[in-house]
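Enquirer: Sequence:
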Amino acid sequence: MKISPTRAKYGVAIAATAMSVTMLAAAPASAASKTWQRNCARDSTYTANVSDHVATTKKSGGSCAGHAWVRIKVQGSWGTWADSNTTATRRSPVYAIEASQHKDCDCGSANLHTLYP
13 MKISPTRAKY GVAIAATAMS VTMLAAAPAS AASKTWQRNC ARDSTYTANV
63 SDHVATTKKS GGSCAGHAWV RIKVQGSWGT WADSNTTATR RSPVYAIEAS
113 QHKDCDCGSA NLHTLYP
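So for the sequence shown, my numbering puts the first residue at 13; every next one is plus one.
Treat the hints loosely; a few may be bogus.
Unchecked claim - With a straight-line Cα cutoff of 27 Å, these simulated DSSO-like cross-link-like pairs (lysine-lysine) come out:
| # | residue 1 | residue 2 |
| --- | --- | --- |
| 1 | Lys46 | Lys85 |
| 2 | Lys70 | Lys46 |
| 3 | Lys70 | Lys85 |
Hint data in this document are derived by calculation from the structure and do not stem from the laboratory.
Using the sequences and the hints, build the whole thing.
Expert: Right, dumping it as structure tokens:
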């Protein structure tokens with residue numbers, strides 16, 4: 013059986029397309045995360061996440077009075093801190109986040125974590 017040059021080119025094009033789609037689908041999104049417990053009672057859990065355009069710190073459970081805090085570094089500069097009793101969020105819809113910092117209170121005993129997407 014002889015395959016025509018047109019069919020061979022078509023088959024190669026389909027195989028190349030399938031490979032590129034597979035590689036794109038398998039590529040992980042850029043993100044980082046960290047979970048820790050605050051020292052005050054070890055019953056408050058904080059979870060930090062950062063991707064290319066969103067950073068969050070989430071507080072769940074426990075009796076610690078500390079809020080969740082987050083700030084991001086964009087174009088070489090650190091932004092201001094955002095805080096919340098449950099989930100603090102900072103977004104950079106245009107520029108990619110270079111790093112994020114997360115902490116569990118605005119105090120000298122805060123646990124500070126730096127993440128890179």
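Enquirer: Has the given pair, Lys70 with Lys85, been kept, meaning a C-alpha gap of at most 27 Å?
Expert: Status holds; Cα separation ~19 Å.
Enquirer: Can you confirm whether the C-alpha distance between Lys70 and Lys46 stays at or below 27 Å?
Expert: holds, 11 Å
Enquirer: Can you confirm whether the C-alpha distance between Lys46 and Lys85 stays at or below 27 Å?
Expert: holds, 17 Å
Taken one by one, the earlier hints all hold for this structure without exception.
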